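A.B. asks: Go ahead and model the full structure; you've got the sequences and the hints to work with.
Chain residues, written in single-letter form:
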Amino acid sequence: MSARTLRVVWRITKLNFRAQLEYRSEFLMMIAIGAVWQVSVIVFATVLLTRFTGMGGWDSSDVLLIPATRMLAHGLFVLFLGRVHGIGRQIQEGMIDTYLVRPMPVYRQVQLSFFPTNAIGDLTVAAGLMAGALARSDLDWTPTRITYLIVCVLGGMLLEAALFTVVACASLRFPAADYWGRWLEELLGTFGSYPLNVLPKAVGGFLTFGLPLAFVAYFPAAVLTGHDSGVPYWLAAVSPLLGAAAYLGSRLLWRWSLRHYTGVNG
Amino acid sequence: MTVTAVLRGWRAARVTPLGELHTPPRMTAALLRLTVQVVLVASLWQGLYAATGTTAGLSEDQAVTYAVLAVLAIRIRELDQYAGRDTVLQHMHFGTIVYWYLRPLPPQRYYAFRALGEQLYGLVWVIAGYAICLAAGVVDPPKSAAVAGVFAVSAFLGQWVLYYVMLAIDQLCFWTLRNGAAMLILIFAQNLLSGVYAPLWFFPDWFITLSGFLPFQATLSVPLSLYVGRIELSDAGPQLAVQAAWVVALALLTRLLWRRAARRVISQGG
Amino acid sequence: MSGSIEVRGLSRTFHTTVRRPGFGGALRSLVNPERVAKDAVSDITFDVSPGELLALLGPNGAGKSTTIKMLTGILTPTSGEARVAGVVPYEERERNARNIGAVFGQRTQLWWDLPVRESFSILRDIYDVPEAEHRVRLREFDELLDLSSFWDTRVRHLSLGQRVRSDLAAALLHDPPVVFLDEPTIGMDVVVKEQVREFLRYQVEERGRTVLLTTHDMTEVERLAERVVLINHGRLVLDGTLDEIRRKFGSTWQVRVTLSDPHAPVEPLPGIALVRREGPQAVFGPDGPTAPTMHQALKQVIERYEVTDIALDEADLEDVMRAAYVQAGGE
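Heads up: the sequence lines are chains A, B and C, in that order. Going left to right, the first sequence walks through residues 1 to 266 as this note's numbering numbers them. Going left to right, the second sequence walks through residues 1001 to 1270 as this note's numbering numbers them. Going left to right, the third sequence walks through residues 2001 to 2331 as this note's numbering numbers them.
In short, the hints are calculated from the structure, not lab data. Here the structure is a predicted model, which means the values were calculated and not measured. Here a beta-carbon is modelled for each residue, glycine too, at the ideal position from N, C-alpha and C. Each statement offered as a hint is correct.
Quick look at which bits of chain B chain A covers, simulated, 3 or more residues with Cβ under 8 Å:
1. 1025-1034
2. 1047-1053
3. 1193-1203
Counterexamples of contact, computed for chain C against chain B with all Cβ distances above 10 Å:
4. PRO2059
5. GLU2143
6. ARG2201
7. TYR2202
8. GLY2208
9. GLU2222
10. LEU2242
11. GLN2254
12. GLU2267
13. PRO2268
14. VAL2275
15. THR2293
16. ASP2319
C.D. replies: Here you go:
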C-alpha cells in the first residue's frame, strides 16, 4: 500500500467512525452492551477453564493462553478485516456492483464499508484476558517467546480472515452462504478456546485439517508452553506461517471469484 | 377465535416452514450443522470430564445430556430468519415496515403468528433430533414420568419467555435503526445467560445470583436442569412460578413496547 | 363503495437533529443534540372524487410521500384533517386499511422467500377475502398483468417489473375503493410501464376505484390523469387540470404561420403576442396570464389571417413542469 492509499484508508475509516457516532442511541447502547459482554466472556473463559483443571494435561495457568490468543486474534480480525463476515447483505443489496466501478480494490472497499464499533469491546476483553493469562503464567517470557506470541496472534487473525474470506467468495455466488459464516463464527468461538486433545482423535483431526482452527491458538499455545499437541512439533510451530499462507490463498480465491461474479437479480 | 382468525394465523404461521421447504439446501445445511454440532458438543463435554469427576453438582452424563439438549433447543429459534427478509430489522432497513401498519392485522399479532409457526417448525426438528440422540445413547432419558411432565411444562414456559425475549430484541430495532451488531451481542448474552454455552451451574455464585434476576435463565437453564435432575422435583414449584412470572412481566413490557413502536412509526412515518 | 378523499388544511412538522460538521461536532451532537422543526407539509386542502385518478406532483422532497403516508394512516398530521372513504385514517388505522391499497415504489410487501402466489394467499387471509372472490380477482389481474407466467417463482428471483406488477396485484386483492401509489413505475421498462398504466386505467374506469398517484413520469400523467395537484415545499401550488397547468406555466407554445400575403399587417391578438415577423413568416406566442391555450390561439390566428402554412411548437409537459417547479419554488 502506498502512502496515498493509506491516507485514503485512514480518512474513510475516520468518516466511518463518525458515522457510527451519528446513531446516538445505538452508539451509547453498544457501549453499555459491550460492558455486559466483556464481563460475560471473561467469566465464561476463566470459570470454565479453571473448573476443569488438568484439562487435557494442561494446568489452568497454561490453558488460559489459548482463549487469550484466540480472542486477541479475533478482536484484531474484527477491527481490520472483519467486514468479510456477513458480506452477504452487501452482496444482496448490490453493493458489489457499486464497488466494482470505483477505482479501489473491492476487497478494501468491503473492509471500509463501516466502522466496527464492537471491535473496541472485543479488543478490550481480549487484552484483559491476555494480561490475566500472562500474569498467571509461570513461563519465562523471553523476547523470543514474546515475539513468537505476537506473530502467532497476527497469524491467527490472518487465518480467521482467510476462513471468512472463503465464505465471502461463496457468498458472491450463493447469497445463502452467509449462513455458513455464522456457523463458522460459532464453531471458532466454541471450540477455539480448548486444548483440542480433550476431544476424540477424529474430532480433533477435523478441527485441525478440516476446519483448521487448531492453528489459531491451540498449536501456538502448545508450542509456547511445551505441550504435545498430537501433530509434529514443526507443524505446530509454523502456525502463523500457515495463517499467512491461507490468507494469501483466500485472497487469490477472492480475485478469481470476483472475476466470475455475475451480479444479483439481473 | 373465529374461523377466519384461525385461518389467518395458520397462513402467517406457515410462512417460515414454507420458505424452508422451498429451499431444500437450507434444510440440508441445517441438518448437517445440527449433526456436527451435537457430535462436537458431546465429545467436548466428555473430553472435559475425562479428568474430573462430578463438578458443580453435575455428573458427566448429566452435563452431556444438558449440553446436547441445549444444542437441540436453540434450533427452535435458530432459523435463518434473515433469508426471509421478514425481520423487524430488515423491514426498518428497507422501509417496508409501513406495510405491517397498512393491514387490518395488527403487527403484534402478525409477529406472534410468525413466531409461533417458527417455534412449531423448530420443535419438529428438535423432537426428531432428540429421538435420534436418545436412540444413540447420547442423551439420557428423564428419570421418571413426573420429571418428564414437569420438564414439558417448564420447557413450554421457557419457550414462551424466549418468545418475549426475542420479541423485545426485535422491538429495539424500532428505535435503533442499525442495531445488527447489538443484536448479535444480545443474542450472545441470551445464549450465555440461558446456559447454552455451558450450564449456569459452572459459574461462580455471584453470576448465578445475577442471572436469577434476568429472564434468560428461565428460557433454557431451568427446564434443562429439571430434565437432568440438577433441580430436584421438590424444588420445581418455585422455578415454574418464576418462569410464569417472567411470562407475565415480559408480556406487559412487550405490549408497552408495541404501543410505543406504533406511536413511533406513526409519528415518523416508518 | 364511496372512495372519496377529503383533505382539509393538512400539515405535518418533523423534528430532526442537526448534525454539526466535523469530528468535534459529531461528538457534541452525541452529547447535546440540537433539534429543529421542518414543515414537510403545510396547510394542504384538496378533494378526490370517487372513481377519479389524481396525480400528486411536485419535485423531490416536496411533501408528496408525507401526504400519502398521512392518508394511509401511517403518519399522524400535526394539524388539519383527512378523510379517506369516510374514515379518518390515522385515527382508525385498521378500518382504513380495509378500504385502501398501497404500493410504495420499489418497496415490496411480498414475502421474499415464498412464491408470489403464496403471498397472495396470506394477504387473502389477512384481509378476509372469500376464496371464490379471490380466485375471480386473481384471474382478472392475471389477464391484465400477465402474472401467471411468474407467480410460482419466489419473490427473490423476480425481475423488478415482475415484482412491481405482483405488488400492484397484492395491493388490490381485497378490492379497496381507494388506492395509493407512490411512484409505482419507477425504474421500469416502457412495456411494463404501459402494462401498469393499462391496469390502472382499467381499475379506475371499469372498477370505479379512486387512485391517488405520485410520479415523476410526465407521460404517465398525460396518459392517466385528468386532474393534478401540484405541491412544492409542502404547499399546494395548483389544483386543476393539465390544461390549466399548461396555461399557467407553459409559456412556451408557439404558432408559426406563413401568410398568403407577405405584406399584410400583423397585430397581436388578445392574450397572444407577435413574437417575430420576417416577410411572410409570423410567429405568435402567449402573452400574460390570460393567454389562451395553444389550440384556442391557433383558432384565433386562422380566423384572423389568411395563411398558407402553419406549424405548432408545444412545450411538452416536462418543460411545463420544470417551469412550474422553478416558479413555484421561487415564490
